[in-house]
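Chains D and S supply the protein sequences, listed in that same order. Using the numbering used here, the letters of the first sequence correspond one by one to residues 246 to 704. Using the numbering used here, the letters of the second sequence correspond one by one to residues 21 to 359.
If you are wondering where the hints come from, they were derived from the structure by calculation, not from laboratory data. Using N, Cα and C, we set each Cβ at its ideal position, and we do this for glycine too. Watch out, some of these pointers could steer you wrong.
Computed footprint of chain S on chain D; a stretch qualifies when at least three of its residues, placed anywhere within it, have a C-beta under 8 Å from a C-beta of chain S [what the hints assert, rightly or not]: (1) 309-318; (2) 545-558; (3) 660-668.
Pair by pair, the computed Cβ-Cβ distance ranges are [claimed, not checked]: (4) S/Glu-316 <-> D/Arg-419: 46 to 56 Å; (5) D/Lys-366 <-> S/Pro-336: 49 to 59 Å; (6) S/Trp-304 <-> D/Lys-289: 36 to 46 Å.
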Amino acid sequence: MHLFDPVFLARLQFAFTISFHILFPAFTIGIASWLAVVEWRWLKTGNPVFESVYRMWVKIFAVNFGMGVVSGIVLSYQFGTNWSAFSDRTGNILGPLLGFEVLTAFFLEASFLGIMLFGWKRVGKMAHFGATVIVAVGTLISAFWILSANSWMQTPQGFIKGADGIFYPTNWIRIIFNPSFPYRFVHMVAAAYLTTAFVVGGVGAYYLWRRRHVGSARVMFGMAMIMAVFVAPLQLFFGDLHGLNTLEHQPAKVSAMEGLWETQRGAPLKLFGWPDQKKETTLYALEVPKLSSLILTHDFNGEVKGLKEWPSEDRPPAAWIFWSFRIMVGIGLLMIATGIAAVILFLRKRLFDTRWFQFWCMALTPSGFLAVLTGWCVTEIGRQPFIVYNVMRTADSVSPVGSGPVALSLGAFFLVYTVIFGAGTYYILKLIGKGPDMPEDASFGTHGLKKPLLVVDRS
Amino acid sequence: MFSFENILDLPIIWYALIGTAVFLYVLLDGFDLGVGILFPFAPSDQSRDRIMNSIAPFWDGNETWLVLGGGGLFAAFPLAYAVLMPAFYLPIIFMLLGLIFRGVAFEFRFKAFGWSRKAWNYAFHLGSLTAAFMQGVVLGTFVQGIAVEGRRFAGGALDWVSPFALMTGAALVFGYALLGATWIIMKTDGETQEWARNYAGSICVCVALFMALVTLSTPLINNDIKTLWFSLPNFFYLSPLPLLAFGMFLLLWKDLRRKKECRPFFLSIGIFLMNYLGLGISLWPWIVPFRFTLWEAAAAPQSQSLLLAGTLFLLPMVLGYTAYSFYTFRGKASPEGYY
């Protein structure tokens, strides 16, 4: 592939801008729901620690939301600027789905976010809580529509393709609730919740480790660990169901995930290796016999298809998918291990004062983002070389725009996003460094502490 | 599959809906982009904080209308979306980059101090300026018409660089500045309001000049537009538009001297409306000017029907809670930080 090939540049730009963008919704979806829970606890118990936690994280939420909005507008225009042939052909189907996302979610989030951030003195407590809940619901509605649209591109149905190459809808229910959509939706929402939990938990662990803001830190750390205990194992289960669904509808993607080239019974699980697209084999593979068959077909001798089943021009690039998948699963397993450790420490009443565990959770703070990115790499690269699976090729989808302007815009996005992301991260870290505005006391949640901690506020 | 095709002229309804969405965008983001354009000229830092606070709860909702405009075009007229977006490639990219800088500046500048706060002030200003100018350029390029072959844009990457488009770009910058200045008059008092009132006066004159320039040069670009406006009896039917606009300018000028607080903003909106209607009349029924009409570019009737059914129910709700948000933050804005 030539470096200045317009298709390659357009793909690179889309990959870059959407990877950048997804970091924000992944965090926004989780944190909005969590803030709703925190505010509910505050209203219910009247404990000011919840208010201080809310007020601290709502600021981080605002920075994050702002970056999500501006990077999202870029995407909604990029379908047209860079993928106009795709837009022309699929507009009848994807247009209404995106239109519903704007009308049911974006306006809702944007309007009530204003009240959530700036409305403290303007509306009552319950109305404010209502605004938080509405924003949280808005993020989920948004995820619903955009994941439905993406899933339709993965598992298209409910349409006919006209002689002009244009897609016409025949059944909206089949389009919206296409086969991979329910799995992708649940998997992504759980991923967003876990991502948030590990960020919040990491920050809570940092305060506990530094013995600062201990009351608030226990709320953050404790709630995050509840998520790690329950949602992390559930996510493995959701992921497995999603994988089986992919095996049914997009088997080539699964073959690439497994690094499997020959169709075989009793296929081994390749733990590591290097899938080589040209040699049509996975080099240096470390295998566990028959395990792949067992995972995918729930039978030791089940048949698993290899990539050679498809002509080479229809195969996705296996190495990217193989490795992305392993990173995602690896992080998922680390999250489950965190949950197990949290249960053990909780039972031994050492959850809030085990130093190595605090360090461990701090190290895992960004892990969710990496898992979300690699997970999306698996699903998006795994759809290649198609943009709409088996129906429309990525190479036939680009706009009649030369490589010059695309290279220019790609460079500009790269530069601007680096500055914005750098600044945004810096301000979020500053907010974390400052911590919640809360008189220090350890009155909340003494469970798990052997003796009351000596609280030293170093801020 | 349900479809309203047999009972309604769907493309016309969608043309009107998207036209309304774009107009609401122009008004709503217009005033907050305008505030950004005027930002560095404000009399003091405190004044800057204050005008920033006057738009902070709204900008996000305002920009959502831009997403609705783009998304709506994609949904209801995919062919137009697919032809126009590549034609405006660079102006749209520049606009998006401008919107990014000004959007994050809302959050970042309240957390920054010293030189970095100054830097975000300028990011806010230059981002707003770029976005406004590029939107004007897109408008000018749109009015002039673009090169199309089959169902694809067939022109070059720099086709948008033309005297007319650059002029409409500048015109929109001043137009937004007028909306911004009159918004500030309405939402502040004291020195900030005084400053905005002074600026609004001179901007008002500039806008009038630009309007005259654009109005007179548009018929020169295209013969059809010229015949539409200057043939009889059309000339008489259409003359109320420019006359009303002229009347509103006079009233605005008077209001500024009489120190009215709210009406100038609504008069500025009225002036925008007159221009917008004039533009709509000039370009009817083109959606890709002089190449595809709105019927030729329409999405499948079942697609337009589905989204219409949703919109009839959802748009009033959106308007309702947008109004609620403006009502919640009514009155004068304070210079203090939020939350």
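Tested hints:
1. 309-318: Coverage by chain S holds here, the residue count being 8 at a Cβ distance below 8 Å.
2. 545-558: That given contact is violated, which follows from only 0 residues of the stretch 545-558 of chain D lying within Cβ reach (below 8 Å) of chain S.
3. 660-668: The restraint on the stretch 660-668 of chain D holds, since 3 of its residues have a Cβ under 8 Å from chain S and three suffice.
4. S/Glu-316 <-> D/Arg-419: 46 to 56 Å: violated, 29 Å
5. D/Lys-366 <-> S/Pro-336: 49 to 59 Å: Taking Cβ atoms as reference, D/Lys-366 and S/Pro-336 lie about 29 Å apart, which means the hint is violated.
6. S/Trp-304 <-> D/Lys-289: 36 to 46 Å: Violated, since S/Trp-304 and D/Lys-289 (Cβ atoms, about 58 Å apart) do not stay within the stated range.
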